[in-house]
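Undergrad: Listed below are the residues making up each chain.
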Amino acid sequence: MTTLATVFEKARAENRAALVGYLPAGFPTIDGAIAAATAMVEAGCDVIEIGLPYSDPLMDGPTIQDAVHRALENGTRIADVMRTVEGVAKSGAATLVMTYWNPIDRYGADRFARDLANAGGVGTITPDLTPEEAGPWREASASAGIDTVFLVAPSSTEERIAIVTECCTGFVYAASLMGVTGARESVGAAAAGLVERTRPHAKVPVCVGLGVGTGAQAAEVAAYADGVIVGSAFIRRLLDAPNEQEGLRAVRELAAELAEGVRR
Amino acid sequence: MSISEGTLITPADFTGAGSAGDVSERGKFGVFGGRFVPEALIPALDEVAAEYEKARTDLAFIREFDHLLRTYAGRPTTITDVPRFAEQAGGARILLKREDLTHTGAHKINNVLGQALLTKRLGKSRVIAETGAGQHGVATATAAALMGLECVIYMGAVDCERQALNVARMKLLGARVVPVTNGSQTLKDAINEAFRDWVTNVDSTHYLFGTVAGPYPFPGIVRDFARIIGVEARRQVLELTGKLPDAICAAVGGGSNAIGIMHAFIEDEGVQLHGYEAGGRGLETGEHALTLTAGSIGVLHGSRTYVLQDDEGQTIESHSISAGLDYPGVGPEHAWLKDSGRATYHGITDAEAMDAFALLARTEGIIPAIESSHALAGALKLGRDLGPDATILVNLSGRGDKDMGTAMKYFNL
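Protein chains in written order, with full-length UniProt numbering: chain S, 1 to 264; chain H, 1 to 413.
Hints are computed from structural coordinates only; laboratory data are not their basis.
Note that beta-carbon positions come from the ideal geometry of N, C-alpha and C, so glycine has one too.
Possibly wrong hints are sitting among the right ones.
To give an idea of the chain S side of the interface with chain H (calculated C-beta under 10 Å), a few residues [to be verified]: (1) Y100; (2) N102; (3) Y107; (4) P131; (5) P154; (6) G179; (7) A183; (8) E185; (9) V204; (10) E220; (11) A223.
Estimated spans, in silico, between C-beta atoms of each pair [claimed, not checked]: (12) L239(S) to G74(H): 25 to 35 Å; (13) R176(H) to T157(S): 30 to 40 Å; (14) R121(H) to G92(S): 21 to 31 Å; (15) T71(H) to E185(S): 45 to 55 Å; (16) R342(H) to A189(S): 49 to 59 Å; (17) E53(H) to P136(S): 26 to 36 Å; (18) E73(S) to E53(H): 24 to 34 Å; (19) K171(H) to R199(S): 46 to 56 Å; (20) E244(S) to A164(H): 54 to 64 Å.
Stretch-level coverage of chain S by chain H, calculated; a stretch enters the list once three of its residues show a Cβ under 8 Å from a Cβ in chain H [what the hints assert, rightly or not]: (21) 18 to 32; (22) 189 to 196; (23) 231 to 238; (24) 251 to 264.
Whenever a hint applies, use it, and build me the whole structure from the sequences.
TA: If you want it as structure tokens, here you go:
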């Protein structure tokens, strides 16, 4: 199993940023997501975040909402998410689950952490779990030996950055802009400043996500961050493809472009 | 500076200071409440909380709010004895708190005026809001027009259709109404969309939250601005009958009208508190909004509370003939009142609510909102249980003009 620590060590040794790709489980199908994520790894993604489809994704823009809606329509369950993690982890990428808090809360924190670890998952990103409410999840994750990633945002005060980074193992997720997920014309101007403000508090690498979708943007972010996170742009490729084969080709192409970007 | 004679509220009334029922500690009501939101919103929530803490003890703010309630919203609202209606309730005495008589026709105006004043204190120029029945949207658009704020209302596309009249009212008041077409296209999806707007535009925008749900500090703020309902009613019932009522009945969707009338009575142990949720087509059909009566504890829209959810935490779509109760979550303070046993919650089906709707119209000449009709139907049952000596106070939270389309279809009018 590849851990986050080894991924970032390797990237640092190669003097580049790590490439993190996101895809929800169950989209376009359960096996289709495993195939697409595996293609992303083969083309250069170091880390994969598998999204756990949730009925009320209030941090997500239209692209991820659309994909998640389809995944739920496909009947995607938590067991399928675990199976997806297992399939993707085999490709050699460090594999996390990104999820809103309620599905874990309902499933049971200890059970979720244990099942994820057993599936070969290395951690979670929980965008709506604030440090104040994260105690039980941090404990469950620590005993299962998986990492906990939380988000900082351009609006975060110095004090909040300190509180959030204290809870992060694996890496810190720096949201590049104020808004929901989705590819944009340009990466938020606040991102570099946020990474700079986060560094002194963080004992782990700092990755930047939200709005990154091209090789040029990946290169721009890689200049100041330890990792570049891309989600909606991959999903867009799959949504726009006429068939699964074309979809796989398109995500592979994008992953290669981004992988080249983080190496510039 | 002191509050002058003849005002409606004192600082103590307004904040519920010293009330044992006020268990809000950083938004925690027992295990319920809290904050489950993206970190990006934490500074804005902190800012709202801090400004509100200053405002609620600021006599100038309280006087301005009080002035608006009296001279704009039409407070105090009266209480009305409804003996012909009460004949169907085993002869118990039923008193209606007439929130339907406020400006815009529903209790929502109370919270909206308070938060619009808060928006100005925050130095923000734009408000957004979610709406189900459209009443909160209309009230928000009204307050925005009054105070010169830009206003965007998110409303589920399904709700836009069944509450077309309110959509037109909001537009006339200068608001932009955005139909939300994802998910179940009702209130919960409108809330998701409003949160997405807020995280994007938080510098200029206040999210004028419409009910006692959501992340801290909203449940407490909305409750405090709605609390005037119970504060007035308690005085009025005492004056009219010489004693406190035996029971309070209120409809519960998100729960703001219910907490508004209940909160001033929480310490009055002899006063039963009853909330009525939308039973829709009946519990057994799965088409209902029985969050407290049939839901389980989870997290929705930033708060730990009772939720309609499946075994993996996916929200289950609710159903009610009344858009304002069609919500799969509920305010965390109600969750706490339920678990502590202080309040009791029941279901009222669409059919029971519509019967009470028609009965009040025919016996008393008052057309209630379908939301409020759930409380009326509850009072009819409760009266039969409590007997003819009982006095029941019902929150008539809104008027039924907006519901005539539904009524025309339902009754073939």
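Undergrad: So, Y107(S) near chain H? Judge it on the closest CB pair being under 10 Å.
TA: holds, 6 Å
Undergrad: Within the assertion that chain H covers the stretch 231 to 238 of chain S, do at least three residues meet a Cβ-to-Cβ distance smaller than 8 Å?
TA: violated (count 0)
Undergrad: Using the C-beta atoms of T71(H) and E185(S), is the stated range 45 to 55 Å upheld?
TA: holds, 49 Å
Undergrad: Hint says 49 to 59 Å; check whether the CB-CB distance for R342(H) and A189(S) agrees.
TA: 51 Å Cβ-Cβ, so the 49 to 59 Å window holds.
Undergrad: So does E73(S) sit 24 to 34 Å from E53(H), Cβ to Cβ?
TA: At roughly 45 Å between Cβ atoms, E53(H) and E73(S) fall outside 24 to 34 Å, so the hint is violated.
Undergrad: Take the stretch 18 to 32 of chain S, compare each residue's beta carbon with every beta carbon of chain H, and decide whether three or more fall closer than 8 Å.
TA: Result for this restraint: violated, n = 0.
Undergrad: Does the stretch 189 to 196 of chain S contain three or more residues whose Cβ lies closer than 8 Å to a Cβ of chain H?
TA: Violated: only 0 residues of the stretch 189 to 196 of chain S have a Cβ under 8 Å from chain H.
Undergrad: Any CB of chain H closer than 10 Å to the CB of G179(S)?
TA: With a minimum Cβ separation of about 4 Å from chain H (threshold 10 Å), the hint on G179(S) holds.
Undergrad: Per the CB criterion, is V204(S) less than 10 Å away from chain H?
TA: For V204(S), the interface hint is violated, since the closest Cβ of chain H sits about 16 Å away, which is over 10 Å.
Undergrad: Return the status of the interface hint for P131(S): holds when the least beta-carbon distance to chain H is below 10 Å, violated otherwise.
TA: Nearest chain H Cβ about 9 Å off; hint holds.
Undergrad: Using the C-beta atoms of K171(H) and R199(S), is the stated range 46 to 56 Å upheld?
TA: holds, 49 Å
Undergrad: Within 30 to 40 Å or not, the Cβ separation of R176(H) and T157(S)?
TA: holds, 32 Å
In terms of the numbered hints stated before, the structure departs from hints 7, 8, 9, 10, 11, 12, 14, 18, 20, 21, 22, 23, 24, listed from lowest to highest.
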